[in-house]
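**Q** Position chain B against the provided structure of chain A, taking the given hints into account.
Quick note, the sequences are listed as chains A and B, same order.
Okay, so the first sequence: first residue is 1 according to the working numbering, each after it adds one.
Okay, so the second sequence: first residue is 1 according to the working numbering, each after it adds one.
A few of these clues could be false.
Copies of the same chain look alike in the list, so a pair counts if it fits in one copy or across any two.
Below, simulated BS3-like cross-link-like pairs (lysine-lysine); rule was C-alpha separation at most 27 Å, straight line [stated by the list, open to error]: (1) Lys283 - Lys161; (2) Lys344 - Lys251; (3) Lys251 - Lys283; (4) Lys185 - Lys98; (5) Lys283 - Lys178; (6) Lys344 - Lys197; (7) Lys197 - Lys187.
Since the hints were made in silico from the structure, they are not lab data.
Protein chains: 2
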Amino acid sequence: MSRPVRLLIVEDSEDDALLLVRELRRADYDVTFECVDERQAMSRALASGTWDLILADYSMPHFNGIEAMELLQKSDLDIPFIFVSGAVGENTAVAAMKAGAHDYVMKGNLRRLVPAIERELREAEVRRERKRAEEELRRSREQLRALTAYLQSVREEERVKIAREIHDDLGQSLTALKMDLSWLKGKLSEDRSLQEKAETMMELIDSTIHTVRRIAAEARPAVLDNLGLAAAIEWQAQEFQNRTGICCELKRTLNDLQLDQNISTTFFRIFQETLTNVARHAKATRVEISLEERQSNLILEVKDNGRGITEEQVYGLNSLGILGMRERAFLVSGELQISGVPEKGTTVTVRIPLNRNQTDYDKSAHRG
Amino acid sequence: MSRPVRLLIVEDSEDDALLLVRELRRADYDVTFECVDERQAMSRALASGTWDLILADYSMPHFNGIEAMELLQKSDLDIPFIFVSGAVGENTAVAAMKAGAHDYVMKGNLRRLVPAIERELREAEVRRERKRAEEELRRSREQLRALTAYLQSVREEERVKIAREIHDDLGQSLTALKMDLSWLKGKLSEDRSLQEKAETMMELIDSTIHTVRRIAAEARPAVLDNLGLAAAIEWQAQEFQNRTGICCELKRTLNDLQLDQNISTTFFRIFQETLTNVARHAKATRVEISLEERQSNLILEVKDNGRGITEEQVYGLNSLGILGMRERAFLVSGELQISGVPEKGTTVTVRIPLNRNQTDYDKSAHRG
Numbered sequence: 001m002s003r004p005v006r007l008l009i010v011e012d013s014e015d016d017a018l019l020l021v022r023e024l025r026r027a028d029y030d031v032t033f034e035c036v037d038e039r040q041a042m043s044r045a046l047a048s049g050t051w052d053l054i055l056a057d058y059s060m061p062h063f064n065g066i067e068a069m070e071l072l073q074k075s076d077l078d079i080p081f082i083f084v085s086g087a088v089g090e091n092t093a094v095a096a097m098k099a100g101a102h103d104y105v106m107k108g109n110l111r112r113l114v115p116a117i118e119r120e121l122r123e124a125e126v127r128r129e130r131k132r133a134e135e136e137l138r139r140s141r142e143q144l145r146a147l148t149a150y151l152q153s154v155r156e157e158e159r160v161k162i163a164r165e166i167h168d169d170l171g172q173s174l175t176a177l178k179m180d181l182s183w184l185k186g187k188l189s190e191d192r193s194l195q196e197k198a199e200t201m202m203e204l205i206d207s208t209i210h211t212v213r214r215i216a217a218e219a220r221p222a223v224l225d226n227l228g229l230a231a232a233i234e235w236q237a238q239e240f241q242n243r244t245g246i247c248c249e250l251k252r253t254l255n256d257l258q259l260d261q262n263i264s265t266t267f268f269r270i271f272q273e274t275l276t277n278v279a280r281h282a283k284a285t286r287v288e289i290s291l292e293e294r295q296s297n298l299i300l301e302v303k304d305n306g307r308g309i310t311e312e313q314v315y316g317l318n319s320l321g322i323l324g325m326r327e328r329a330f331l332v333s334g335e336l337q338i339s340g341v342p343e344k345g346t347t348v349t350v351r352i353p354l355n356r357n358q359t360d361y362d363k364s365a366h367r368g
Numbered sequence: 001m002s003r004p005v006r007l008l009i010v011e012d013s014e015d016d017a018l019l020l021v022r023e024l025r026r027a028d029y030d031v032t033f034e035c036v037d038e039r040q041a042m043s044r045a046l047a048s049g050t051w052d053l054i055l056a057d058y059s060m061p062h063f064n065g066i067e068a069m070e071l072l073q074k075s076d077l078d079i080p081f082i083f084v085s086g087a088v089g090e091n092t093a094v095a096a097m098k099a100g101a102h103d104y105v106m107k108g109n110l111r112r113l114v115p116a117i118e119r120e121l122r123e124a125e126v127r128r129e130r131k132r133a134e135e136e137l138r139r140s141r142e143q144l145r146a147l148t149a150y151l152q153s154v155r156e157e158e159r160v161k162i163a164r165e166i167h168d169d170l171g172q173s174l175t176a177l178k179m180d181l182s183w184l185k186g187k188l189s190e191d192r193s194l195q196e197k198a199e200t201m202m203e204l205i206d207s208t209i210h211t212v213r214r215i216a217a218e219a220r221p222a223v224l225d226n227l228g229l230a231a232a233i234e235w236q237a238q239e240f241q242n243r244t245g246i247c248c249e250l251k252r253t254l255n256d257l258q259l260d261q262n263i264s265t266t267f268f269r270i271f272q273e274t275l276t277n278v279a280r281h282a283k284a285t286r287v288e289i290s291l292e293e294r295q296s297n298l299i300l301e302v303k304d305n306g307r308g309i310t311e312e313q314v315y316g317l318n319s320l321g322i323l324g325m326r327e328r329a330f331l332v333s334g335e336l337q338i339s340g341v342p343e344k345g346t347t348v349t350v351r352i353p354l355n356r357n358q359t360d361y362d363k364s365a366h367r368g
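Only chain A is shown next, with the shape it has when bound in the complex:
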């Protein structure tokens, strides 16, 4: 079964060109070829055709083999290039290989031509396959990266929706119930058991309203949407301190931030995840938090005095929480750094650029 090969020959002698073609046909190649002997013709040939192989003579009246090779190298095409050297001798041919030719054969001894061609065609095919595989892998990675972004955003939307439904629908009903009960209580007779029951009901409604607020705030704190990032961070730090007993100190906060919601959410969720990690893993007794602007970047730093995360824990395959934080920051052109010192604690730093020009890809941050 003959193998097809598309051959570009750079050669001024038609006889020599046909000799090469014959050599390949004898080795059972099904050759289609074009022969060129000057720069423009070769440029055109490179631009218009898809060649498997280039065989080039060294010296021609209007062109030479080194120029031909440079033309190929500039084109960015990955085509095996083999010199077929005649009069010029091996020193020149060796120089051509140093300059990047894949091989050379002497016109007087073509026995190496076919095995050299076979090697180069094989290796070019391997390169092509690797490139295809790499592109497939890259595409798949980009898709998964987009999927993680999508999953994080639908999760956030879901939380916002649930928080609003709980807060608005249930909160409103409970407030109405409370008012109704208050009215009813005023009209009740002085019967002590009735008054006590109404009192119990009032307390139950209050505690239910409290539960509604807590569940809604756990899903999506209203303070983040109403009062902004700095207030939300302060609120979350306070909640965390109350719940865990780990002392939270806010060192610096900016209060007049007007951030895109996407960026606020990113900072806030990374902050929450960081506190969760502190509570779960750090064995810390104290956390220092700062939020400040430096050189058009908004920077959140969370520093604990715990046992210190290791490099392995930061980059390990199981650190999906950290990877998720990193991907979140990446989505708003920011970055996340985590460093630990054994028994001295861990510092998480999130840096997100502000004040950037707004383009289609870059519309996530602006300041008022």
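**A** Below, chain B alone, put in the same frame as chain A:
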């Protein structure tokens, strides 16, 4: 600046070996080398060293070059292999290249040796770099894949937690309120305005209980955990029909399923997402649903009579919802197929194997 090269020479003549080393040193290589002339020594050398290059003579008293090459090929090492052929002539050398040697040079004319070595070292370096890049890419993709799984599972946990909190904490309080109110209402005087207020409050509590149930069910339907997948699918189909007016027909369902929760959740969430897609994109009036077991696979099929999804929509870069469904199925060793026929509708099929052996990696499915 001399370049280091670790050279394995397969050669019985020390003089010939030193000639090769000298040739490389003249070309400014900093050569470290080992010389072997029989199989076991070469095996040991391959196993213990990291070689940049192998130069092999063809015939030796106890070994030959083709055997040496086969030994290399079996080792799975990617090391350039060049024949240095003496007496045996070019035909044999050509055959060696056909068998996979990267090149050959004749002992009588070593001028091509250095350029051939340079080409092979360069190409080996390119292969190594590509391999590193590919591994990095693969690792990054696997991490992102794990991250999407993690995000989906934490989202599910969050939904379960919210559903339980809402249902249990709020539901319980409201039921208590209802009982209290009922008691109080019985003790109220016959004053019509008091009775009416109590009646209104009763209705408000009922509708709030209803809202609580709806919000909890939207986060995570209790029927899925209490009555299983088939019931949850039936419930969801009914809900969907009520909400959208799109007629849902359950063709077949299995009722005695005992599934791992992971698998139930996967099926159920894919089913929900499929219905969401039908409502958003399909322009369908009717959906047929079947859930059945075939050849140890549980198969869910959702078929609408809408305008039919296109290949491009299934595999497009923006089809993150579908990619998410695919990844979900993949996580429980299942697969998702989507096919559309223009103006005839779309069919989504999820197939997940049951009854598999349980291993650490494979503990997601079992049947009771």
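**Q** Hint by hint, say whether it matches the structure.
**A** Status of the hints after comparison with the structure:
no. : hint            : in the structure
1   : Lys283 - Lys161 : between (35 Å within a copy, 26 Å between copies)
2   : Lys344 - Lys251 : within (18 Å within a copy, 63 Å between copies)
3   : Lys251 - Lys283 : within (21 Å within a copy, 55 Å between copies)
4   : Lys185 - Lys98  : neither (99 Å within a copy, 100 Å between copies)
5   : Lys283 - Lys178 : neither (43 Å within a copy, 45 Å between copies)
6   : Lys344 - Lys197 : neither (55 Å within a copy, 62 Å between copies)
7   : Lys197 - Lys187 : both (14 Å within a copy, 11 Å between copies)
Of the numbered hints stated above, those contradicted by the structure are hints 4, 5 and 6, listed in ascending order.
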